[in-house]
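**Student:** Order-wise, the sequence lines are chains R and X. If you use UniProt numbering, the first sequence closes out at 122, no skipped numbers anywhere. If you use UniProt numbering, the second sequence closes out at 254, no skipped numbers anywhere.
Derived from the structure by calculation, the hints contain no laboratory data. All values reported here derive from a predicted model rather than from experimental measurement. Some hints here could point you the wrong way.
Pairs of lysine to any residue residues, derived as SDA-like cross-links and limited to a Cα-Cα distance of at most 20 Å, are as follows [said to hold, decoys possible]: (1) R/K78 with X/V30; (2) X/K245 with R/A74; (3) R/K73 with X/N36; (4) X/K79 with R/E91; (5) R/K93 with X/T127; (6) X/K55 with R/I107; (7) X/K128 with R/E91; (8) X/K28 with R/E91; (9) X/K73 with R/K93; (10) X/K58 with R/I107; (11) R/K73 with X/G39.
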Amino acid sequence: MKKLFTILAIIASVLAIIFAVLPISNLAIIPSILALILGLIAFYLSKKTGQVKKIIQFTFLLTIMALVITTYKAVFIKTEVADTKELEATETKSEEEAIEELEELDINEIEIDESELDGIEL
Amino acid sequence: MPRFLLLILLLWSTIINAQNNAIAPGEKLVYTASYNMSGILTDIAQVTMETSNVKTSKATLLRLKCTAATYSKWDTFFKIRDLYESYVSPKTLTPYLYKRNINEGGYFKAMKYTYSHKTNIIKSVQTKKNNRIENKDFKFNLGSKDIVSTLYNIRLLNYESMSVGSKKTVTIIFDRKETKASITYLGKETINTAIGKKSCYKISLGSQSKILEGSSNNLLWLTADENKIIVYGKFKIPVGNGELKIKSASGLKN
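Could you put together the complete structure from these sequences and hints?
**Tutor:** Written out as structure tokens, the structure reads:
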């Protein structure tokens, strides 16, 4: 049982650190909480038998690191769109091309104006 | 009898091409697209919907432009720079030209539809990486529209006259195929948004295709006023939910 909780705590803490460094850092909270709970259970079970393995302490360290990175990213890193020059250039070019293409089209107003309906008598 | 038939025809045409009293040139709506897993939100991209006038020697059209760009934190992993445009009649939002230019994590694709409403034929041009061009003409049914004009056309529906649970069917042309989609009116709801507390029309979207699987999983909230702008959207994706939240709105017609 002790082994199982230790392994699960290791997996959860590794996942937490991976999520924390990726752009989905907010999601690191879920494995972090899991790692803390599993780690505490493993710690408690180990203490009962009288021998606490260093690996459990290491999972706590990883989890705390993940939480620090997540908090730092949430507080200090701005959510903004950068590097839109290419997109802006595409937009301008696309509009210019569209105007040329629309010039060639035979735009006839096929739509029916609502006012036309008012004039109809049965 | 002929008069009656004419009236039916005219009413039908009005349903297909409802009058635009919600969208004006100069409108700009900015959204944040996020991924929601167990209540934890991760912002992925910024979606912008803009309108502007486009003048040709024959007519003035409305340009409906939608762009999607990933936030800088995502750019090194999966950079998205998408552009969707539709050039429509300002009165009825009938499309004349549709353009799509997508650049998603190195995958590039461009698509152009030129509508001929006289012959009901769309001339399409697809361009992929290395300038691989593919031309294809195909027939479309009366009232079928591209994805951008459909999104704006949703705002022209008269929800006040719709009863809760009533459905409208629209035909969307996507990737040169027509797909029927249903819009179900689910009633009014007041929600908190970045532009204030808004009374909204809640609608659900469903389709036969895989784009919008399940009718109750894809929901949209439109402001219950003359503008009927989309303020919130919720979409079911394999793990968790996708969300679209309004960030700012400017240049509204009413």
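**Student:** Below or equal to 20 Å on CA atoms is what counts here, so check X/K79 against R/E91.
**Tutor:** holds (17 Å)
**Student:** Verify the proposed pairing of X/K58 with R/I107, using a straight-line Cα cut of 20 Å.
**Tutor:** holds (7 Å)
**Student:** So if I understand the rule, the pair passes when the alpha-carbon distance is 20 Å or less; does X/K128 with R/E91 pass?
**Tutor:** Holds: X/K128 and R/E91 sit about 18 Å apart, inside 20 Å.
**Student:** Holds or violated: are the alpha carbons of X/K55 and R/I107 at most 20 Å from each other?
**Tutor:** holds (12 Å)
**Student:** Regarding the pair X/K73 and R/K93, is the alpha-carbon distance no greater than 20 Å?
**Tutor:** Not OK: X/K73 and R/K93 at ~27 Å, beyond 20 Å, violated.
**Student:** Taking 20 Å as the top limit, are the C-alpha atoms of R/K78 and X/V30 close enough?
**Tutor:** holds (17 Å)
**Student:** Does the structure keep R/K73 and X/G39 at a Cα separation of 20 Å or less?
**Tutor:** Holds, at about 18 Å.
**Student:** Does the alpha-carbon distance linking R/K93 and X/T127 stay inside the 20 Å limit?
**Tutor:** Roughly 16 Å between the alpha carbons, so the hint for R/K93 and X/T127 holds.
**Student:** Does X/K245 pair with R/A74 here, judged by a C-alpha cut-off of 20 Å?
**Tutor:** Given that 20 Å is the threshold and the Cα spacing comes to 19 Å, the pair holds.
**Student:** Holds or violated: R/K73 with X/N36, Cα cutoff 20 Å?
**Tutor:** holds (18 Å)
**Student:** Checking one constraint from the list: CA of X/K28 to CA of R/E91, max 20 Å. Satisfied?
**Tutor:** holds (15 Å)
The structure fails to meet hint 9 from the earlier list, while all remaining hints are met.
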